[in-house]
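Generate the whole structure from the sequences, applying the supplied hints.
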Amino acid sequence: MILGDLLDARVTDADGRGLGFVVDARFALDGPIDGLLAAPRLHGLLVSPRTATSFLGYERNGVRAPALLARWFRWRHRGTFLVHWSDVRWVADGTVVLRAGYERYSPGLTGTAPQQG
Amino acid sequence: MKKVLGLALGILTAIGGFLDIGDLVTNAVVGSRFGLSLAWVVVVGVIGICLFASMSGRVAAVSGRATFEIIRERLGPRAAGANLTASFLINLLTLTAEVGGIALALQLASSVEPRLWIPVAGLAVWLVVWRTKFSIMENVTGLVGLTLVVFAVTVFLLGPDWSTLADQTFHPGVPANEGRDVYWYYAIALFGAAMTPYEVFFFSSGAVEERWSAKDLAQSRLNVLVGFPFGGILSVAIAACAAIVFLPAGIEVSSLSQIVLPVALAGGKLALAVVIVGIVAATFGAALETSLSSGYTLAQFMGWSWGKFRRPARAARFHLTMIVCILVAVGVLMTSVDPIAITEFSVVFSAIALPLTYLPILVIANDPEYMGKHVNGRATNALALVYLVIIVAASVAAIPLMIATGAGS
Numbered sequence: 140m141i142l143g144d145l146l147d148a149r150v151t152d153a154d155g156r157g158l159g160f161v162v163d164a165r166f167a168l169d170g171p172i173d174g175l176l177a178a179p180r181l182h183g184l185l186v187s188p189r190t191a192t193s194f195l196g197y198e199r200n201g202v203r204a205p206a207l208l209a210r211w212f213r214w215r216h217r218g219t220f221l222v223h224w225s226d227v228r229w230v231a232d233g234t235v236v237l238r239a240g241y242e243r244y245s246p247g248l249t250g251t252a253p254q255q256g
Numbered sequence: 119m120k121k122v123l124g125l126a127l128g129i130l131t132a133i134g135g136f137l138d139i140g141d142l143v144t145n146a147v148v149g150s151r152f153g154l155s156l157a158w159v160v161v162v163g164v165i166g167i168c169l170f171a172s173m174s175g176r177v178a179a180v181s182g183r184a185t186f187e188i189i190r191e192r193l194g195p196r197a198a199g200a201n202l203t204a205s206f207l208i209n210l211l212t213l214t215a216e217v218g219g220i221a222l223a224l225q226l227a228s229s230v231e232p233r234l235w236i237p238v239a240g241l242a243v244w245l246v247v248w249r250t251k252f253s254i255m256e257n258v259t260g261l262v263g264l265t266l267v268v269f270a271v272t273v274f275l276l277g278p279d280w281s282t283l284a285d286q287t288f289h290p291g292v293p294a295n296e297g298r299d300v301y302w303y304y305a306i307a308l309f310g311a312a313m314t315p316y317e318v319f320f321f322s323s324g325a326v327e328e329r330w331s332a333k334d335l336a337q338s339r340l341n342v343l344v345g346f347p348f349g350g351i352l353s354v355a356i357a358a359c360a361a362i363v364f365l366p367a368g369i370e371v372s373s374l375s376q377i378v379l380p381v382a383l384a385g386g387k388l389a390l391a392v393v394i395v396g397i398v399a400a401t402f403g404a405a406l407e408t409s410l411s412s413g414y415t416l417a418q419f420m421g422w423s424w425g426k427f428r429r430p431a432r433a434a435r436f437h438l439t440m441i442v443c444i445l446v447a448v449g450v451l452m453t454s455v456d457p458i459a460i461t462e463f464s465v466v467f468s469a470i471a472l473p474l475t476y477l478p479i480l481v482i483a484n485d486p487e488y489m490g491k492h493v494n495g496r497a498t499n500a501l502a503l504v505y506l507v508i509i510v511a512a513s514v515a516a517i518p519l520m521i522a523t524g525a526g527s
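Chains as they are written, first to last, in the numbering used here: chain A, 140 to 256; chain B, 119 to 527.
Keep in mind the hints are simulated off the structure, nothing from the lab.
By construction, the Cβ of each residue, glycine as well, lies at the ideal position given by its N, Cα and C atoms.
Some hints could be false.
[What the hints assert, rightly or not] Residues from chain B that face chain A, not an exhaustive set, calculated with beta carbons under 8 Å:
hint: 1; residue: Leu193
hint: 2; residue: Gly194
hint: 3; residue: Pro195
hint: 4; residue: Arg196
hint: 5; residue: Ala200
hint: 6; residue: Val481
hint: 7; residue: Asn484
hint: 8; residue: Pro486
hint: 9; residue: Val493
hint: 10; residue: Asn494
hint: 11; residue: Asn499
hint: 12; residue: Leu503
[What the hints assert, rightly or not] Covered by chain B, according to a simulated footprint, are these stretches of chain A (three or more residues, beta-carbon under 8 Å):
hint: 13; segment: 142–150
hint: 14; segment: 183–195
See the structure below:
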């Protein structure tokens, strides 16, 4: 699998209900040392409920300027959440299916407490 | 002393490098039809390009990343691919116009048919791109391009009625014999001529080529903020020359020989020779920049190694892209299509494509992860948002206006 298979893919829960689209993938650099850097590990996927277009980086908490653009992109992507890769049951034909009882995390980069609702 | 010289060189190069075939043709056409009543657009365009170039230069200097690397990363492969296709094709159109401009200028100097000059011009562009050092290439074409100052001198030599020119400039309105649609169509063309996207690809990739770092920011900002406005003054001078000579006679500019006619009338053979040298330098410089931009955009998107600081064998696909683009430009021109017509389309399409590169640069210039303490300030962001609205409005309005006015005819 390559990253291109995941980006823009539809996301459904275990019952087949649509949850949105994969807009980004998040990696953690905590694998074994591979050359100079730690090998990246796929930590989770960012799922946006309404649109498969890019979030342009505004999902991170520290980026708030220019305020009008930040507000617009946050509004377009309202309800975006992070799911851990371990909560993905399978991926096939451009669809990502999550396992039952998956957890929604805040998409912000600092603080990954489970999101309300 | 060395620093002062470097600064002067940078500013002079920015002035000489500002003008290209798009500015020459569009300003002359607009001057002959609307006088100076669209001069305000040049002011809007120059402020815009200063803002855009200084943001993209700052992003490149601080993060070490050029425009299309950033677009690819932020927009993802699909949206960035669509963006690349549009930007690349419009850049190719501009390259074609510039090579045609070289040939037309050489025709003026030699009376030899442009189709004989086109392959020579293409070959010369390729040789320079292949062999010459980046800094030499930039400085020589920029400095020789300064001879276009002769347009500003011509305005004084023609002894115009200054009150008429001032009235056109400060009380702009649609002339009686022109439609409102056509006026706004040319406003967009002029805006696109001042803010061509290739200038930004080139500027940001050039910053990487010349290994700028955060400490070169002050100089690069000064080059842009002083050099481009002077370039803008030359643009207005070209329009003024056409407004003085052609507007009262009701003649519409449609060839390069008409663009230089006011200079020949006022300054004679010597001035004509000087202006032809200037046009060759300006179009040649812009042809180099657009050739390089074609390589930069594609290579940065695909992740190929790029840059003139590498030997061609080390950046083979980058150089191959440029060779193919130059060949396509030469091939298109050899069909006898009018380079002036290509230029008129290329500036409008430049305006259409502008939001594609402007938005990602604006977003990155605000990203503390890339920019650290060099993120946009509040004032810059306020201005940048105003320009985002202008750029998007121009882009959206361009095609309907093009259809409604029959491309300004």
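Of all the hints given earlier, name the ones this structure violates by number, lowest first.
As far as the earlier hints go, only 5 is violated by this structure.
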